[in-house]
Structure formats: structure tokens, C-alpha cells
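Student: Listed below are the residues making up each chain.
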Amino acid sequence: MAMLKKVCKLCERSIRQVNYKDEHLLSRFVTDRGKILPRRATGSCARHQRQIATAIKRARYLALLPYIRDYQ
Amino acid sequence: MHEYEIVYIFRSSLTSEEIDGKLERFHALLTEQTGQISAVEHWGKRQLAYPIGKERNGHYVVAQFEVEPASLPEFERLLKLDEDLLRYLIVLSEGELPLPPSMRTDMRTETARGERPPESGPDGGGEPEAEVKSEPETESEPETEPEAETEPEAESEPEPETEPEPEPETEPEPEEEKD
Ligand SMILES: [Zn+2]
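As you go down the protein sequences, you meet chains A and B in turn. Take 689 as the starting number for the first sequence in my numbering and just add one per residue. Take 10 as the starting number for the second sequence in my numbering and just add one per residue.
Honestly, the hints are just simulated from the structure, not real lab data. We put the CB at the ideal spot given by N, CA and C, even for glycine. A hint or two may mislead.
As the list claims (entries may be wrong) - Heads up, incomplete: computed chain B residues facing chain A, CB under 8 Å, no partners named:
hint : residue
1    : Val16
2    : Ala58
3    : Gly67
4    : Arg96
5    : Val100
6    : Leu101
7    : Glu103
To be verified - With the Cβ distance kept under 10 Å, some of the chain B side facing chain A (calculated, not the full set):
hint : residue
8    : Tyr59
9    : Pro60
10   : Leu94
11   : Leu95
12   : Leu98
Just need the whole structure built from these sequences, with the hints factored in.
Tutor: Written out as C-alpha cells, the structure reads:
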């Protein structure tokens, strides 16, 4: 398996502030169960990871993202 | 004066007139006390990611306003009295720069997930750039978030647990330094 060097996608795209209302962006940073992906899985830098986590928690609270995605 | 942003989720059975009426009443409280509403954006009805009470849909409205932090408690008291307001969240405005279009589009195609309400991004805010970092005391945010509802795990989830990863993360990656 290739150990690809991961680069922060948000830095790459010069995103300054992760918006909690952009659930499509945020949904890339959660597992299919809805958990926040760790940095080592996404390659996010610490600053953006912090923003992502905050944004995801807000988005969950606002029912823009599920807390847990259930498969029945 | 601080600039805040609020997201309202109204019961989706309300008419837009009813919602406008409520917003007017809420916002009057702010403007009475030297506050100022800078933007109101209706997202319209959209499906909730999980039901809130018995509701499966909500009518979302985002507003930005400037107000003395001291007037927030009274504002929130008013909001909490309204049973048609399923939920709200007040945060310090981040300046809300619209995402670069390049990003929005290809992020979207990669994650396409069906129905999408009116674009949420480029809030009609006028002067994004300069304002962005103007809020050092992020303190006011927690005061609204946790107490606002009963969601048990609301702000607590740590974030690590995921699928067990085969490789332990060994290399110390100097991420902060590149670019
Ligand atoms: Zn980054």
C-alpha cells in the first residue's frame, strides 16, 4: 500500500476558515458512520483539524450533519 | 459591539409570513438596544440530519448582527420562549468568506449527496476581509452553544475513534512548515 504523503487539503485550497454551514465540505471529514476523521486519515494540519472539529460539532447541533449515521 | 451569526431552525409547518413575523420580533429586540442586523438569509425548508422532537424538516434562516454581548441573554430568553423555533445557534461571526468557487464545485461533485437547498455559502455579507480576525474573545460562543438544548453529546465528542489503522503513525510530519 502506498504511504502517500498527505497534504492538508484545506491549506492546499487556501481555506482560511472552515464554515460550519458547508456540510458538503464537512462530510468529507467524517467517516461513513459520522465520526470525525482523525488527522492521520485526512492529512489535515492542526489548525484546520481544529476548525473542522468545531465546524462539525456546530453542524451536528444544527442537524446539518448526523451525530451518528445509522444503517438499519 | 460584536458581530454574531445566528442560525434559526423553525418548524417547517410555518408559513414564510409567520417566520418573517417572528424574525422581526426577535430582531426588534436587538435593534432596540443599538444592535444592528446586517444580513438575513433564508435557506428555506430542508431535511434535518436527525429528527428534532417529531420534526424531520426545518426552515433554516441565518442572520448576522452586531450587538453588545450584554444584550444576548435577553435575546436568547426570547428565543427560548418560542416553541416554533426548534433550535438556534449563536456564534461569533467568522467573517464568513465565501469559499472559492473552485473548491465549492469540486468538493460538491465528489460528495454528491442528492438534494441540496439553496447555496448556503456566500452570505450576503458585505465587508468580509477586514473583519475576519476582529474577535479575540471567543468566549461568548460556549455560553450559547451548550446550554441551548439538551443534546447530550453535543460538544463533548473527542474525535479520535475511527477504524483501527494498520500502521501506527510514525513519521512526525512537519506539516506546519510546508507551503
Ligand atoms: Zn491546513
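Student: Would you settle whether the hint for Leu101/B is holds or violated, based on the nearest Cβ-Cβ distance to chain A being less than 8 Å?
Tutor: For Leu101/B, the interface hint is violated, since the closest Cβ of chain A sits about 11 Å away, which is over 8 Å.
Student: Does Val16/B hold up as a contact with chain A if the rule is Cβ-Cβ below 8 Å?
Tutor: holds (5 Å)
Student: The hint names Leu98/B as touching chain A; please verify it with the least Cβ-Cβ distance against 10 Å.
Tutor: holds (6 Å)
Student: Given Val100/B was flagged as interface, is its beta-carbon under 8 Å from a beta-carbon of chain A?
Tutor: Cβ of Val100/B sits 7 Å from chain A, so the hint holds.
Student: Double-check Glu103/B for me: the hint is only fine if its C-beta lies closer than 8 Å to a C-beta in chain A.
Tutor: holds (5 Å)
Student: Using 8 Å as the Cβ threshold, decide whether Gly67/B counts as touching chain A.
Tutor: holds (7 Å)
Student: Quick check on Ala58/B please, does its C-beta sit within 8 Å of some C-beta on chain A?
Tutor: Cβ of Ala58/B sits 4 Å from chain A, so the hint holds.
Student: Would the stated hint for Leu94/B survive a check requiring a Cβ distance to chain A of less than 10 Å?
Tutor: Violated: closest Cβ of chain A sits about 13 Å from Leu94/B, beyond 10 Å.
Student: Should the interface hint for Leu95/B be scored as holding, given a Cβ-Cβ cut-off of 10 Å against chain A?
Tutor: Hint holds; Leu95/B Cβ to chain A Cβ min 8 Å, cut 10 Å.
Student: Would you check whether Pro60/B satisfies its interface hint, that is, whether its CB is within less than 10 Å of any CB in chain A?
Tutor: Status holds, d = 8 Å.
Student: Using the nearest Cβ pair, does Tyr59/B come within less than 10 Å of chain A?
Tutor: holds (5 Å)
Student: Do the numbers back the hint for Arg96/B, that is, is its least Cβ distance to chain A under 8 Å?
Tutor: holds (7 Å)
Going down the numbered hints, you'll see the structure goes against 6 and 10, while the others check out.
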